[in-house]
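Colleague: Once you've looked at the hints, dock chain B against the given chain A.
Here is how the chains run, residue by residue.
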Amino acid sequence: MNATGTAEMVRFDSALLANAGARVESSITLPLHTDEHVVGVRKVVREHALDLKLSLVEQTKLVTAASELARNTIKYGGGGMVLAQMLDSGMRRGLRLVFADDGPGIADIAQALRDGFTSGGGLGLGLGGAKRLVDEFDIDSRSGEGTAVAIVKWKK
Amino acid sequence: MERIPILRIGDLLLVSIQVDMHDRLAMTLQDDLTERIVRDRAKGVLIDISSLDLVDSFIGRMISNTAAMARVLDAQTVLVGMQPAVAITLVELGLTLPGVKTALNVEKGMVMLGQR
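Protein chains in written order, with the numbering used here: chain A, 1 to 156; chain B, 1 to 116.
Only chain B is shown next, with the shape it has when bound in the complex:
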């Protein structure tokens, strides 16, 4: 089964989404991430979307839900690397990802998670 790899760095989990995800793949990632937060006792999750040229309402909802689930599991989520065109489109679409922390890149995201 197709899966998006989740890397562990210390007590952080890093996901770099590099493919155009179909909806089932996005849901699998959400499930895998919540499972790994618990199994690896992760304190933070970095979701790197710098390779994504599209975030529609389904993917946006997956990101919001993942962040909410992580919070309940005592982990912080930071979304990093959103392309400007994607940001413009998301806001116009009406999706502002409330409750999701963002950073410009993975490095800044890691700093953000280290300072909590």
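Pulled out of the complex, with its shape left as it was, chain A reads as follows:
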């Protein structure tokens, strides 16, 4: 991971994460540059999901969403990192993932979220699909600066 990416994420953090209001129990970052990193993210997210005691279906949804977003970070953002945070709101626990890159940014976020839209020859299900699989979804993208996508899954 590079220094620019870290700076980007700190800035994006304040925009995306201020409203969650939950205590952060633990926090780790993982690099996202290669295919193997995507597999690594899936493994770490699965471990967190088990720790949260999510049902098998909810685990699978969360890991799948993470896989889609990790791939987007590499494919469209030119690589970056993911921040994984275990949250405790007092009422419930959850996992927050923030995928950040300093790539070209997304010109039209609404368009990018629509099923079937792709700029990379994929199925165009990644972003909108990932959104459906989690409880909270937030995206911040600035042209020429980068993109950050934050998701949260709560243990219900």
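Treat the hints as calculated values from the structure; they're not laboratory data.
Within a straight-line C-alpha distance of at most 25 Å, the following computed DMTMM-like cross-link-like pairs (lysine to aspartate or glutamate) qualify:
1. K131(A) to D51(A)
2. K43(A) to D53(B)
3. K156(A) to D138(A)
4. K53(A) to E92(B)
5. K131(A) to E92(B)
6. K53(A) to E136(A)
7. K156(A) to E92(B)
8. K108(B) to D53(B)
9. K131(A) to D53(B)
10. K155(A) to D51(A)
11. K53(A) to D53(B)
12. K43(A) to E92(B)
13. K131(A) to D20(B)
14. K155(A) to D53(B)
15. K43(A) to E2(B)
16. K156(A) to D53(B)
17. K75(A) to E2(B)
18. K75(A) to D32(B)
19. K43(B) to D31(B)
20. K101(B) to D74(B)
21. K156(A) to D51(A)
22. K101(B) to D115(A)
23. K156(A) to E136(A)
24. K131(A) to D23(B)
25. K75(A) to D20(B)
26. K53(A) to D20(B)
27. K43(A) to D48(B)
28. K155(A) to E47(A)
29. K43(A) to D135(A)
30. K43(A) to D23(B)
31. K75(A) to D31(B)
32. K75(A) to D23(B)
33. K43(A) to D20(B)
34. K155(A) to E92(B)
35. K131(A) to E25(A)
36. K75(A) to E92(B)
37. K75(A) to D53(B)
Keep in mind that this is a model prediction, so the values were computed, not measured.
Modeller: Relative to the frame of chain A, chain B by itself:
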């Protein structure tokens, strides 16, 4: 180079995916399968994903594409053993694998391919 083994049973090919595939590995499998269909003159392909706890859009697309390529090469593909949680997630993701035949397990898949 890391590869997923492809077994031949009569005129069928059987692939059992037992590892969490990264994208390159999935593409290699797609290439290997199409090559083996031609080389072994296979009439059917069984893809067993009972060990997979995740099928995302990339792996789903690989499966759809493999089935389409097999069809052009005169072979039928049956996807077998999908875990319920994976099925639920795939549909929610928006991926319904059109054109891919499915069966609950390898045995039922073989019966399906034998009856074509």
